[in-house]
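**Student:** Listed below, chain by chain, are the residues.
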Amino acid sequence: MSISKQLHTVTLDTDKCKGCVACMKRCPTEAIRVRNGKAQIHYEKCIGCGECVRICPHNAKKASFDDFDIIFDKKYKYRIALPAPSLYGQFEHLDNLNYLAEGLLKIGFDDIFEVARGAELVSEYTRKLFESGKLKTPVISTACPAIVELIMIRFHNLKDRLLNLLTPADISAKIAREEAVRKTGYKPEEIGVFFISPCPAKVHALKTGLCENNPVVDGVLSSSECYFRLLPAMKKVENPRDLSEIGVFGISWAFSGGEAASLLKDRYLAADGMENVLNVLKELENGKLAEGIEFIELNACVGGCVGGVLNVENPFVAKAKLMSQRKYLPISKNHLASYNRPDEFYVWEKAPELQDVMRLDENLDVAMEKLQRINRITELLPALDCGSCGAPSCRAFAMDVAEGTAKLTDCHRIDLDKILTLKG
Amino acid sequence: MTNEAKLRFEFDVDGDNFTSAGTASETVKYNLKQLGIAPDIIRRVAIVMYEGEINMVIHAKGGKAVVEIDSDEINITLKDVGPGIPDINLAMQEGWSTAPDNIRSLGFGAGMGLPNMKKYSDKMEIESVVGEGTTVKMCVKIRKEA
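Protein chains in written order, with my numbering: chain L, 1 to 424; chain S, 1 to 146.
Honestly, I wouldn't trust all of these hints.
Derived pair list, reagent style EDC-like, types lysine to aspartate or glutamate, alpha-carbon separation capped at 16 Å [what the hints assert, rightly or not]:
(1) L:Lys282 x S:Asp40
(2) L:Lys75 x L:Glu190
(3) L:Lys25 x L:Asp385
(4) L:Lys174 x L:Glu190
(5) L:Lys370 x S:Asp70
(6) S:Lys33 x L:Glu369
(7) S:Lys61 x S:Asp12
(8) S:Lys6 x S:Asp70
(9) S:Lys137 x S:Glu10
(10) S:Lys33 x L:Asp110
(11) L:Lys74 x L:Glu190
(12) L:Lys74 x L:Asp110
(13) S:Lys33 x L:Glu362
(14) S:Lys33 x L:Asp385
(15) L:Lys282 x S:Glu10
(16) S:Lys6 x L:Glu369
(17) L:Lys288 x S:Glu68
(18) S:Lys6 x S:Asp87
(19) L:Lys159 x S:Asp70
(20) S:Lys6 x L:Asp365
No lab work stands behind these hints: they were computed from the structure.
Start from the sequences and build out the full structure, keeping to the hints where you can.
**Tutor:** Right under this line is the structure:
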């Protein structure tokens with residue numbers, strides 16, 4: 001990861017930004033400050049969860065993704081769409097998933113490989129790992145890259161709990177490219193593989209290679225942009241061919257609890273929404289909560305991937321649609337045996353790297369002095385966490401003051417008497 | 001280097017409020033992360049503090065937690081004015097619990113609190129007088145960076 005932050009997950013339209021504190025207060029890693037009336041994103045702390053995009057009342061925060069037209073780049077002789085499981089949930093009356101598959105072919109792709117297929121393989125591989133008895137439980141799902149990055153920043157001691165498997169999108173991209181090379185005779189680089197993403201976190205993870213040595217896709221497109229192209233195209237489809245290859249297990253990865261349910265375990269936990277996830281991680285760190293729980297599925301977005309900010313549909317409505325779409329699907333249509341890949345194909349090519357962004361200094365004594373100072377400053381502050389100083393909390397403000405990036409007088413509610421007594 | 005505590009935290013552990021139990025350990029954890037203390041040390045501090053806090057809530061209607069950090073070790077003192085422990089040796093046994101049923105139904109009171117506190121700290125001392133209260137002192141050494 002070394003989170004190549006030059007690739008920004010979220011960008012700011014400074015003309016639209018009013019300098020309100022909505023995004024700053026919402027950010028789970030305190031990566032935003034408001035300076036000179038505009039929000040500032042500290043990318044080294046950004047996990048790409050998209051909370052700021054969701055909350056911004058002025059549409060000033062934008063999630064980054066590739067322009068759809070990149071698929072038409074001449075270097076690609078064969079273009080494959082990788083729809084995320086949550087994409088199906090965006091459409092009304094999609095009783096037959098083949099309409100979506102045909103729609104993707106109409107908007108410019110030559111082929112599709114549904115990510116729900118990769119998801120079924122990851123599910124089966126995880127079940128296999130559980131059966132082997134080698135997993136240290138509870139295992140934490142790695143499907144949501146915002147969670148993986150959050151753990152790398154804030155919960156270093158939970159790193160060993162992460163399931164060391166590639167994501168369904170990674171697996172799907174790799175298989176799709178290999179199959180296309182075989183089918184078309186083109187070189188791997190002549191095949192364009194494009195993931196249709198529900199969220200900026202997946203855009204970032206796939207483009208930088210969170211757990212892969214090299215990115216496995218050629219581009220990551222936004223769910224909503226594809227949605228508006230797909231709608232008219234799907235209306236023109238009359239007799240769709242049998243193109244969709246997914247089962248209940250795969251499609252259910254779209255919502256919270258879907259991955260966990262596919263493991264056929266009784267003792268699992270699924271939490272979604274940043275605040276809930278943070279609470280679970282904190283308890284897990286305290287050594288509680290773990291008793292008997294074998295698997296922990298965490299999704300940064302409320303409802304799971306259906307809650308991704310790049311989607312168009314309300315997450316709960318999308319889930320309801322998926323529930324009815326999956327009704328007549330087989331349990332699982334993809335099995336490890338029929339793909340015949342070695343174990344290395346499914347596991348991390350590299351482990352995600354711990355990020356030391358919380359650490360105040362390399363030297364413990366220097367860090368302690370800084371912390372002392374921060375704690376002293378915090379005591380002077382009103383504990384309102386109002387955000388009007390441009391920092392998300394009084395404590396974050398104290399850190400900024402200690403680091404020299406803010407002035408104590410930026411606090412509008414500071415107790416002047418307290419300071420005067422100190423000075424005197 | 002002097003052994004004088006460089007950082008000191010004091011918390012009132014609220015005895016009526018189960019949901020807020022753990023806030024002291026949360027704050028300490030956050031500070032230790034900012035210091036760059038090794039994850040396994042933080043984990044041990046988190047466990048012993050959390051267990052201690054919960055114990056004070058269950059048995060003593062709360063108390064005080066003092067955490068002192070210097071460059072060699074983290075010292076945690078938990079002081080309550082609860083009923084006290086009549087037989088400390090018995091209380092240290094795994095699975096021995098006097099927690100009432102309503103607490104056990106919450107998943108606490110499995111009799112692992114004190115044993116875990118001992119297991120995860122480098123040094124632990126308990127002083128307890130029946131009717132007056134209990135003081136638990138725990139020390140976790142900070143491993144020097146290799």
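**Student:** Lys33 of chain S and Asp110 of chain L were given as a pair; does the straight-line alpha-carbon distance stay at or below 16 Å?
**Tutor:** violated (49 Å)
**Student:** Against the 16 Å threshold, does the CA-CA distance of Lys74 of chain L and Asp110 of chain L hold or violate the hint?
**Tutor:** Since the Cα atoms of Lys74 of chain L and Asp110 of chain L sit roughly 14 Å apart, the hinted pair holds (cutoff 16 Å).
**Student:** With the threshold set at 16 Å, check whether the alpha-carbon distance from Lys25 of chain L to Asp385 of chain L stays at or below it.
**Tutor:** Holds - the C-alpha atoms of Asp385 of chain L and Lys25 of chain L are around 9 Å apart, at most 16 Å.
**Student:** Tell me if the straight-line CA distance from Lys159 of chain L to Asp70 of chain S falls inside 16 Å.
**Tutor:** It is violated: about 26 Å lies between the C-alpha atoms, which goes past 16 Å.
**Student:** Regarding the pair Lys6 of chain S and Asp87 of chain S, is the alpha-carbon distance no greater than 16 Å?
**Tutor:** violated (35 Å)
**Student:** Does Asp70 of chain S lie within 16 Å of Lys370 of chain L when you go C-alpha to C-alpha?
**Tutor:** holds (13 Å)
**Student:** Can the restraint linking Lys74 of chain L and Glu190 of chain L be considered satisfied, given a maximum Cα separation of 16 Å?
**Tutor:** holds (9 Å)
**Student:** Lys33 of chain S and Glu362 of chain L: Cα distance at most 16 Å?
**Tutor:** holds (12 Å)
**Student:** Taking only the CA atoms, is the gap from Lys282 of chain L to Asp40 of chain S under or equal to 16 Å?
**Tutor:** With Cα atoms ~14 Å apart, Lys282 of chain L and Asp40 of chain S stay inside 16 Å; holds.
**Student:** Given the proposed pairing of Lys6 of chain S with Glu369 of chain L, does the C-alpha separation stay at or below 16 Å?
**Tutor:** Holds: Lys6 of chain S and Glu369 of chain L sit about 8 Å apart, inside 16 Å.
**Student:** Are Lys6 of chain S and Asp365 of chain L close enough, with their CA atoms no more than 16 Å apart?
**Tutor:** holds (9 Å)
**Student:** Can the restraint linking Lys288 of chain L and Glu68 of chain S be considered satisfied, given a maximum Cα separation of 16 Å?
**Tutor:** The hint is violated at about 24 Å.
When the structure is compared with the earlier hints, violations turn up for hints 10, 14, 15, 17, 18 and 19 and for no others.
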